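Trainee: What follows is the residue order along each chain.
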Amino acid sequence: MELLHQIFIGPFIEMAGAPDLLVQVVWEGFVSGILYALIALGFVLIFKASGIFNFAQGIMVVFGALSLVGLHELGVPAWLAVILCIGIMFVLAVTVERVVLRPLVNQPEIILFMATIGLNTFLIGFGETVFGGEPKTMITAELGLPTGVTDVQMLGGMVSFQHIDIAAAVIAALMVATLAIFFNKSKIGRALRAVADDHQAAMSVGITLQQIWVIVWFAAGIVALVTGIMWGARSDVSFALEIVALKALPVLILGGFTSIPGAIIGGLIIGISEKLAEFYWGPMVGGSIESWVPFFVALIFLWFRPQGLFGEKIIERI
Amino acid sequence: MFYREVGDLKTTYRSDQQVLTITQERYAIFALLAFMYAVVPFIADDFWLNTVIIPALIFSLAALGLNILVGYAGLISLGTGGFMGVGAYACYKLTTIFPDVNIVFHILASGFFAAAVGVLFGLPSLRIKGFYLAVATLASQFFLEWAFGRIAWLYNYNDSGAIDAVNRSLGGFALTEPYGDTKFQYLVTLTIVVFLTLIAINILRGRFGRSWMAIRDMDIAAELIGIRLLPSKLLAFAISSYYCGVAGAMLVFLSLGSAEVESFDILNASFPVLFMVIIGGLGSIIGSFLGAGFIVVLPIIISTVPRFFEIDINSATVEHFRFMIVGALIIFFLIVEPAGLARLWQITREKLRLWPFPN
Amino acid sequence: MNVMVTDPVQQGADDGRISDEVILKVDNISLSFGGVKAIQNVSFDVKRGEVRAIIGPNGAGKTSMLNCINGFYHPQQGTITYKGTARKQMKPHIAATQGIARTFQNVALFRGMSTLDNIMSGRTLKMKANLFWQMLRTGPAENEEIEHRKFVEKIIDFLEIQDIRRTPVGRLPYGLQKRVELGRALTMEPTLLLLDEPMAGMNLEEKRDMSRFIIDANEQLGTTVALIEHDMGVVMDLSDRVLVLDHGQMIADGTPDEVQANQAVIDAYLGVAHE
Numbered sequence: 001m002e003l004l005h006q007i008f009i010g011p012f013i014e015m016a017g018a019p020d021l022l023v024q025v026v027w028e029g030f031v032s033g034i035l036y037a038l039i040a041l042g043f044v045l046i047f048k049a050s051g052i053f054n055f056a057q058g059i060m061v062v063f064g065a066l067s068l069v070g071l072h073e074l075g076v077p078a079w080l081a082v083i084l085c086i087g088i089m090f091v092l093a094v095t096v097e098r099v100v101l102r103p104l105v106n107q108p109e110i111i112l113f114m115a116t117i118g119l120n121t122f123l124i125g126f127g128e129t130v131f132g133g134e135p136k137t138m139i140t141a142e143l144g145l146p147t148g149v150t151d152v153q154m155l156g157g158m159v160s161f162q163h164i165d166i167a168a169a170v171i172a173a174l175m176v177a178t179l180a181i182f183f184n185k186s187k188i189g190r191a192l193r194a195v196a197d198d199h200q201a202a203m204s205v206g207i208t209l210q211q212i213w214v215i216v217w218f219a220a221g222i223v224a225l226v227t228g229i230m231w232g233a234r235s236d237v238s239f240a241l242e243i244v245a246l247k248a249l250p251v252l253i254l255g256g257f258t259s260i261p262g263a264i265i266g267g268l269i270i271g272i273s274e275k276l277a278e279f280y281w282g283p284m285v286g287g288s289i290e291s292w293v294p295f296f297v298a299l300i301f302l303w304f305r306p307q308g309l310f311g312e313k314i315i316e317r318i
Numbered sequence: 001m002f003y004r005e006v007g008d009l010k011t012t013y014r015s016d017q018q019v020l021t022i023t024q025e026r027y028a029i030f031a032l033l034a035f036m037y038a039v040v041p042f043i044a045d046d047f048w049l050n051t052v053i054i055p056a057l058i059f060s061l062a063a064l065g066l067n068i069l070v071g072y073a074g075l076i077s078l079g080t081g082g083f084m085g086v087g088a089y090a091c092y093k094l095t096t097i098f099p100d101v102n103i104v105f106h107i108l109a110s111g112f113f114a115a116a117v118g119v120l121f122g123l124p125s126l127r128i129k130g131f132y133l134a135v136a137t138l139a140s141q142f143f144l145e146w147a148f149g150r151i152a153w154l155y156n157y158n159d160s161g162a163i164d165a166v167n168r169s170l171g172g173f174a175l176t177e178p179y180g181d182t183k184f185q186y187l188v189t190l191t192i193v194v195f196l197t198l199i200a201i202n203i204l205r206g207r208f209g210r211s212w213m214a215i216r217d218m219d220i221a222a223e224l225i226g227i228r229l230l231p232s233k234l235l236a237f238a239i240s241s242y243y244c245g246v247a248g249a250m251l252v253f254l255s256l257g258s259a260e261v262e263s264f265d266i267l268n269a270s271f272p273v274l275f276m277v278i279i280g281g282l283g284s285i286i287g288s289f290l291g292a293g294f295i296v297v298l299p300i301i302i303s304t305v306p307r308f309f310e311i312d313i314n315s316a317t318v319e320h321f322r323f324m325i326v327g328a329l330i331i332f333f334l335i336v337e338p339a340g341l342a343r344l345w346q347i348t349r350e351k352l353r354l355w356p357f358p359n
Numbered sequence: 001m002n003v004m005v006t007d008p009v010q011q012g013a014d015d016g017r018i019s020d021e022v023i024l025k026v027d028n029i030s031l032s033f034g035g036v037k038a039i040q041n042v043s044f045d046v047k048r049g050e051v052r053a054i055i056g057p058n059g060a061g062k063t064s065m066l067n068c069i070n071g072f073y074h075p076q077q078g079t080i081t082y083k084g085t086a087r088k089q090m091k092p093h094i095a096a097t098q099g100i101a102r103t104f105q106n107v108a109l110f111r112g113m114s115t116l117d118n119i120m121s122g123r124t125l126k127m128k129a130n131l132f133w134q135m136l137r138t139g140p141a142e143n144e145e146i147e148h149r150k151f152v153e154k155i156i157d158f159l160e161i162q163d164i165r166r167t168p169v170g171r172l173p174y175g176l177q178k179r180v181e182l183g184r185a186l187t188m189e190p191t192l193l194l195l196d197e198p199m200a201g202m203n204l205e206e207k208r209d210m211s212r213f214i215i216d217a218n219e220q221l222g223t224t225v226a227l228i229e230h231d232m233g234v235v236m237d238l239s240d241r242v243l244v245l246d247h248g249q250m251i252a253d254g255t256p257d258e259v260q261a262n263q264a265v266i267d268a269y270l271g272v273a274h275e
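Protein chains in written order, with my numbering: chain A, 1 to 318; chain B, 1 to 359; chain C, 1 to 275.
For the record, the hints were derived by calculation from the structure and aren't laboratory data. This structure is a prediction, so every number in the text was calculated from the model and none was measured. You may find that some hints are simply not true.
To be verified - 30 angstroms max Cα-Cα, derived DSS-like pairs, lysine-lysine:
| id | chain 1 | residue 1 | chain 2 | residue 2 |
| --- | --- | --- | --- | --- |
| 1 | C | Lys83 | C | Lys47 |
| 2 | C | Lys88 | B | Lys129 |
| 3 | C | Lys83 | C | Lys37 |
| 4 | C | Lys128 | C | Lys207 |
| 5 | B | Lys129 | A | Lys48 |
| 6 | C | Lys154 | C | Lys47 |
| 7 | C | Lys25 | C | Lys150 |
| 8 | C | Lys37 | C | Lys150 |
| 9 | B | Lys10 | C | Lys128 |
| 10 | C | Lys150 | B | Lys129 |
| 11 | B | Lys129 | C | Lys91 |
| 12 | C | Lys150 | B | Lys10 |
| 13 | C | Lys126 | C | Lys88 |
| 14 | C | Lys25 | C | Lys83 |
| 15 | C | Lys126 | C | Lys154 |
| 16 | C | Lys37 | C | Lys47 |
| 17 | B | Lys10 | C | Lys126 |
| 18 | B | Lys10 | C | Lys154 |
| 19 | C | Lys150 | C | Lys88 |
| 20 | C | Lys126 | C | Lys91 |
| 21 | C | Lys128 | C | Lys91 |
| 22 | C | Lys37 | B | Lys129 |
| 23 | C | Lys126 | C | Lys25 |
| 24 | B | Lys129 | C | Lys128 |
| 25 | A | Lys48 | A | Lys187 |
| 26 | C | Lys88 | C | Lys47 |
| 27 | A | Lys185 | A | Lys48 |
| 28 | C | Lys128 | C | Lys150 |
| 29 | C | Lys83 | C | Lys128 |
| 30 | C | Lys88 | C | Lys154 |
Let the sequences and hints guide you as you build the complete structure.
Mentor: Have a look at this one:
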């Protein structure tokens, strides 16, 4: 009884008792949720256009951030480093298409999935060989990102908002809006959607798969770079982030593999629920439960709605 | 020339259903086993046994376990490390709770704990498949990693937070690392691996193996010929996890001596074993061995080759290079031969059977 | 199993194969996916021993009907009575254990497995040896495997596919794949065999072989057959009774001759505009 009370009632009393703290925790969750959503977004871009489950998206985030810091350490000015990093992401997209995707076209999807795990491993080794294995600090100030903190008096307490977090939210919103316009209004965007529906049909009407793949991988690379900057500004830049980046995967389960709104809402649900769980329930079992809570949230959700938040029910034909 | 199959005919279904139908190959396998038992302990020094042969055998078992799940039943899992860890920690607790029971028994029994956990985390496979399931298996991986690190009871409240060395013997001789003799550890490892491999071969060529492959190839058709999906999938999870669990226990007690969470995390255990399965060949028993051997030997080659050319290379760089090379090789193999080393061996075998005629 | 070449002309007549027992009765079945009505209020029955054809233009709901019968789709309305037990919905596993076997429009073989393993997998339900014996592969497990292998070899002889026994089915030409699939279904020793376009995409010779196998399965093994087929020549020769579907509705049911003369059927096939 005592235990049940502690699990099911205690945390809520705690929440009601200190609403300012609750707001703070939810805000923290909201911001990490945005970052998860951004990783998931890059993933969705690739999956939508090529049906490839890109396991390396998380690594691309780290790789982008690491390149940026690494270039700056070599004395390259921040603005130039950003442009060069965009270039690196383009080269990466072209290379991946040439070396990995083109030879594997029409292979079963599990083979392509395994190939992206290989890419994941390769990029870890490559990044560490070039930039070294030790954690680095993001060049937040040099990029002109805000660093201060605003404390807001509310609900009988104080809630602090890091400016970088607010910036992250705004930039994420802008990026999603840009992508939505790109997909729905531009010619390339329509071509992308055609490829997503049926590779062979797309090829038969003259859309070249190769170009489309380069474009989506490049787009995903830019999303990864932006995510990496935002993330790096909140913690160190190192390959340890890779494990954290894997938490974008439950976001995908929640939101569906092909839905951009799904990725965003899924990201927010995962981010907020993991922080709430960590803060209010974590101490009971020794903490650090945010490493697995997102996966369980996604699994429980999946049990009731296997097609995800925005996915359509699949009718199997035979 | 190499194969002489003329007159090697089968007149009963019993003989036609043997594992190795070609008589010559049967002799070759017996010869290989004899070599492994009688010759290797005398020609291999402790360095080779410790860093290559024993780990390769143990990881072969883990790869075989994962291959049952991924290659035969078609269920993608990224949680191998977690299941290996369950075996290791279960074995550690068993040696603590029942100190008088033989360690080999503990090792084999610890697999059952891994099997139970595997079944539990295999339950979502009822509702989801493919990539969704792969993500679901990460839930088990991260939960188990957390449990190994946070539940102090599992590591006997050690200050180190790790499984420490346990001194156990078999037949009067010290067995466990670091107390036992390496050659003795090798022979015990080899025996367990051979025994469990035989069992796996038998299961896979019987009705369970066929059911798994049927589910892998077309689950709807499998269901309509009367294969029940959930029990079959859960059995695949159970047996696969059993193998991984035993491998985890062996890794700690016959090879590493002590272990902590990192030994079973996603980068050190789950991915390497998955790579062994891919490089070796999905759905191939011999491939599990070839892949494990390859991945275990690779870092040694990477660190030895520069030394041979008298280039100084530190261990961190070796590690970075290993990641790069393994990653590149995975992609290379998938492009050149998605069916892995096992397929290359199969092609060679077919050529040898026809040699000297071209095919 | 001695294979006789049977003159297809005999098939129309009742030669004592067909009993009066109704083995399957489908009552007032309706099935829809969202707004799409795949089947609307269709009723028909299958008698033990007969060859029952279901025909109709593309999208008429024929395959959906088979899917309902072996439990892959669940109709929203109606009952399926099989061997005297009435059910709202069939379940795939019950269908399989009760002796309903099936082949598919787009071959649904286990591509990574050999012909032999594919056909052996049809015996799964009849194999009983537990995991312990399977692990050791002696005693019951091995004896059982050999027993079933003997049966499977009979089917392989029956279908004349001895030479592709060890070939992975993914490498076989389409016509042979269809044959292996029939083999897998027959190995289940089904009471009721559902064939979904067994002759689609075959040349004349292959069709003739396939017809022969279906007739032999029906006459010699006593299997009741329900088949979907677009080749009208085959349908009219093989079947005892024909059910005609169009747009999910039943438009005719009767002997081949009756159906052929039915104006609604002619309209459906020639494409008269629906009101």
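Trainee: So, for every hint listed, does it hold in this structure?
Mentor: Hints and how they fare:
1. Among the hinted pairs, lysine 83 of chain C with lysine 47 of chain C is consistent with the structure: their alpha-carbon atoms are about 10 angstroms apart, no more than 30 angstroms.
2. Restraint check: the Cα-Cα separation between lysine 88 of chain C and lysine 129 of chain B comes to about 28 angstroms, which is no more than 30 angstroms; the hinted pair holds.
3. A threshold of 30 angstroms between alpha carbons decides the hint, and for lysine 83 of chain C with lysine 37 of chain C the separation of about 28 angstroms falls inside it, so the pair holds.
4. Between lysine 128 of chain C and lysine 207 of chain C, the direct Cα distance comes to roughly 37 angstroms. Violation of the 30 angstroms bound is thereby established for this hinted pair.
5. In summary, the hint linking lysine 129 of chain B to lysine 48 of chain A is supported, as the alpha carbons are separated by about 18 angstroms, within the 30 angstroms threshold.
6. For the hint pairing lysine 154 of chain C with lysine 47 of chain C, the CA-to-CA distance comes to about 27 angstroms; that is within 30 angstroms, so the pair holds.
7. Straight-line distance between C-alpha atoms of lysine 25 of chain C and lysine 150 of chain C comes to about 34 angstroms, which puts the hinted pair past the 30 angstroms bound.
8. Restraint check: the Cα-Cα separation between lysine 37 of chain C and lysine 150 of chain C comes to about 45 angstroms, which exceeds 30 angstroms; the hinted pair is violated.
9. Restraint check for lysine 10 of chain B and lysine 128 of chain C: satisfied, since their Cα atoms lie roughly 26 angstroms apart, inside the 30 angstroms limit.
10. Distance check on the hinted pair: lysine 150 of chain C and lysine 129 of chain B sit about 36 angstroms apart at the alpha-carbon level, beyond 30 angstroms; violated.
11. Pair hint lysine 129 of chain B plus lysine 91 of chain C holds up; C-alpha atoms about 20 angstroms apart against a cutoff of 30 angstroms.
12. Between lysine 150 of chain C and lysine 10 of chain B, the direct Cα distance comes to roughly 14 angstroms. Compliance with the 30 angstroms bound is thereby established for this hinted pair.
13. Distance hint between lysine 126 of chain C and lysine 88 of chain C is fulfilled; the C-alpha atoms sit about 27 angstroms from each other, no more than 30 angstroms.
14. At most 30 angstroms may separate the alpha-carbon atoms for a hinted pair to count; lysine 25 of chain C and lysine 83 of chain C meet this at roughly 9 angstroms.
15. Between lysine 126 of chain C and lysine 154 of chain C the CA atoms are separated by roughly 16 angstroms; this keeps the pair inside 30 angstroms, and the hint holds.
16. Between lysine 37 of chain C and lysine 47 of chain C the CA atoms are separated by roughly 27 angstroms; this keeps the pair inside 30 angstroms, and the hint holds.
17. A distance of roughly 26 angstroms separates the Cα atoms of lysine 10 of chain B and lysine 126 of chain C; the hinted pair therefore holds under the 30 angstroms criterion.
18. For the suggested pair lysine 10 of chain B and lysine 154 of chain C, the alpha carbons sit about 18 angstroms apart, so the restraint of at most 30 angstroms is met.
19. Between the alpha carbons of lysine 150 of chain C and lysine 88 of chain C the distance comes to roughly 38 angstroms, so the proposed pair goes past 30 angstroms and is violated.
20. Distance check on the hinted pair: lysine 126 of chain C and lysine 91 of chain C sit about 18 angstroms apart at the alpha-carbon level, within 30 angstroms; holds.
21. Distance hint between lysine 128 of chain C and lysine 91 of chain C is fulfilled; the C-alpha atoms sit about 21 angstroms from each other, no more than 30 angstroms.
22. A C-alpha spacing of about 28 angstroms is found between lysine 37 of chain C and lysine 129 of chain B, which places the hinted pair at or below 30 angstroms, so the restraint holds.
23. Between lysine 126 of chain C and lysine 25 of chain C the CA atoms are separated by roughly 26 angstroms; this keeps the pair inside 30 angstroms, and the hint holds.
24. Taking the CA atoms of lysine 129 of chain B and lysine 128 of chain C, the gap is near 28 angstroms; set against the 30 angstroms cutoff, the hint holds.
25. Restraint check for lysine 48 of chain A and lysine 187 of chain A: the C-alpha separation of about 16 angstroms stays at or below 30 angstroms, so the hint holds.
26. Proximity of lysine 88 of chain C to lysine 47 of chain C is assessed by CA-CA distance (about 20 angstroms); at most 30 angstroms being required, the pair is judged to hold.
27. Distance hint between lysine 185 of chain A and lysine 48 of chain A is fulfilled; the C-alpha atoms sit about 17 angstroms from each other, no more than 30 angstroms.
28. For the proposed pair lysine 128 of chain C and lysine 150 of chain C, the alpha carbon gap of about 16 angstroms is at most 30 angstroms, so the pair holds.
29. Distance restraint check for lysine 83 of chain C and lysine 128 of chain C: the Cα-Cα separation of roughly 24 angstroms lies within the 30 angstroms cut-off, and the hinted pair is therefore satisfied.
30. At most 30 angstroms may separate the alpha-carbon atoms for a hinted pair to count; lysine 88 of chain C and lysine 154 of chain C exceed this at roughly 37 angstroms.
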